[in-house]
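Trainee: Each chain, letter by letter, is given below.
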Amino acid sequence: MAGSLIELKNITRSFHIKRNTYIQAVNNVSLHIQEGEIVCLVGESGCGKTTTGRMIVGLLAPSAGQVLYRGRDIAHLDEREKREYRLGVQLVHQDPYASLNPSFTIYDTMAAPLKRHGYTRSESATRGRVIELLEMVDLTPAADFLDKYPHQLSGGQRQRVSVARALTVNPSFIVADEAVSMVDVSIRISLLNTLLRLKEKMGLAVLFITHDLALAKYFAWEGRIGVMYLGRMIEIAPARQLVEQPRHPYTQALLAAIPEADPDITRHKRHIQLRSMDLPSLLNLPRGCTFHPRCPIWEAGLCDREEPELSQFRDGSAVACHVIRRQRAEELA
Amino acid sequence: MNPNLDNPTLTPPSSLPAKPVASEAPGAPAAPATPAVTIAPAAPGAPVLSIDGLSIAYQAKRGWVQAVREVTIDIRRGEALALIGESGSGKTTLGLGIVRLLPGNARMNQGRITYHGAARSGGPAALNVLELNARGLRQFRWQECAMVFQAALNAFNPVLRVSEQFADTARAHGYLQGRELAERAKELFRLVRLEPERVWNAYPHELSGGMRQRVLIALALLLEPQLLILDEPTTALDILTQRNIMDVLKELRTRLDFAMVFISHDLSLAAELADRVATMYAGKVVELADVYTTFKNPHHPYTIGLIKAVPTLTTHKDHVSSIPGSPPDLINMPTGCKFHPRCPLADDRCRREEPPLKPTTGADHQVACWYWKSARQMLGAQ
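Chain order of the listed sequences is A and B.
Count along the first sequence from 1, then add 1375; that gives the number in my numbering.
Count along the second sequence from 1, then add 2; that gives the number in my numbering.
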């Protein structure tokens, strides 16, 4: 697709576990992210969402497939392009306690990239820019934070510093990996709101990786949610549509299983009975559709033989399921 | 000097372990000297455990961290009580305090915990938990009150099979051995939806996180405790596994008769499983109500804010909002109501005086806020 900020072309990543044993953490995933777009990746642990995020920011190289940044394969960039990509794509880590240098003040942490990449030429300009950035992430009065060390800040405040640090180099794309999961519930939303405001103001695109579908829906209200299962993208659709009319049986089961913070809703949910409770091991993946041993609508001879491809539907969703695909075709016929 | 002396299994308090310090608060009323012979089952709704004015502090370099402050709450027989609140609100400390497993730098300065005897034969009638000696404590833990800890993998000895861990616990409490124990354990495994044969001979690393959590629950129930404390029982588990654990817990409650205390920052767990919810903030219970009231008609500005801050799958984006500010420093607490720096309704009185937890419209709905009557309306809650 032309004009994509980030494009994943059939990326696969395998890890060497022990002699002659490999697991495929990510398997044949393709995805386009446009400028200013919000995409959430959700799934259970081990589904490959974090590995996908790390391949996008260049911390891991795909075993197969390509990651394109503004149309160029990031594995084959020249020096100038590489610099542009490195600055343009930033990562906000999950753990705000581990991702800030404890012996740096907030000012030191923020000033380092500004000076290193020549964004500011004088100490006073650096100081001004740091204050401006801290205010952008609602750390006010910013001057009070400059000389503090990370241990003097709460988890939420630290995570705001992480976001501000990512913004120092004027990125066009941020990957936020479980960026609010270690922050107290009462301030998660305000942190997400800060990110949403930055997206509006600076045209940032965000890939938000989370296991919380309710948060994903809130954050990607105007964007898309992709659901991963055992390394594969099994459904991707506009956020509200995915939550309100999930198509893939796994997405349906997931949504039905989620407990919700409302006793009326959560106690009257209809749960979907899976055929098996156990998540298959990545070491020994089922043949065909990897969900078939648990799927309530699987068909013998089809789902246990062939792996379904992600097929695009007219309503903007894409689903990797043989049965759903056939049902849709019959409806249209 | 101690009402527990009438229990023959307990040695005098002179042999109290030095730590944790559990001295009785000065001026605290003596425990009701219930004769040990009355062990008739208590009426439903009667407390199985009463916590009365309990305060717990940790010593830190900067000073005392006031983790739990004057908490008074009854845990009723057979109920599921959820303790919710942000990290640092004191919920885990309170849970650890009940079974007296606090770390060495903790002090229980004030208050008392009374366990109201088991309905089964031989159980003590009323135990002053803070004055139990080592032997009494060993009995109280697991036989009367079991706890399932947060990190399920760390709770097991990695070199022992599940069967050996069960045998250890059983031996320590003079419970069944050998084949009888295996039968009982396997029966519990079936209750928590595990394959008995496979699990009984497995090592912890051979089990998934959800399975380990279920083994722990089964182990906790081995001696038929009257009270089960679960600290973040579903945190760090996948959604479908969480669902399974919740279903198991729900089913267990209908089959066995015990009270549960959930400690969780996850409001959805409380919404799903709890009968009553205690909302904690800065070491205090600020609101206590049945689960529907807590979620549908909360009166404390913090609870109102917390419920609004957690979106459900059906919430419209515009109905979600967060609480301004951040949780208080537990060493240097704000004056007056500890929530006042973040509360939109705070005035001079709130900055000066801390409101007590008081019944509102009914005795079962208690709120610690000077303005509980108008809070909902003023905060525009639906």
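One or more hints might be untrue.
[Said to hold, decoys possible] Result set (PhoX-like, lysine-lysine): computed pairs, CA atoms no more than 25 Å apart in a straight line: (1) B/Lys319 to A/Lys1576; (2) A/Lys1644 to B/Lys319; (3) A/Lys1574 to A/Lys1457.
Rather than coming from a laboratory, the hints here were simulated on the basis of the structure.
Trainee: Just pull the numbers of the violated hints for me, sorted ascending.
Mentor: none
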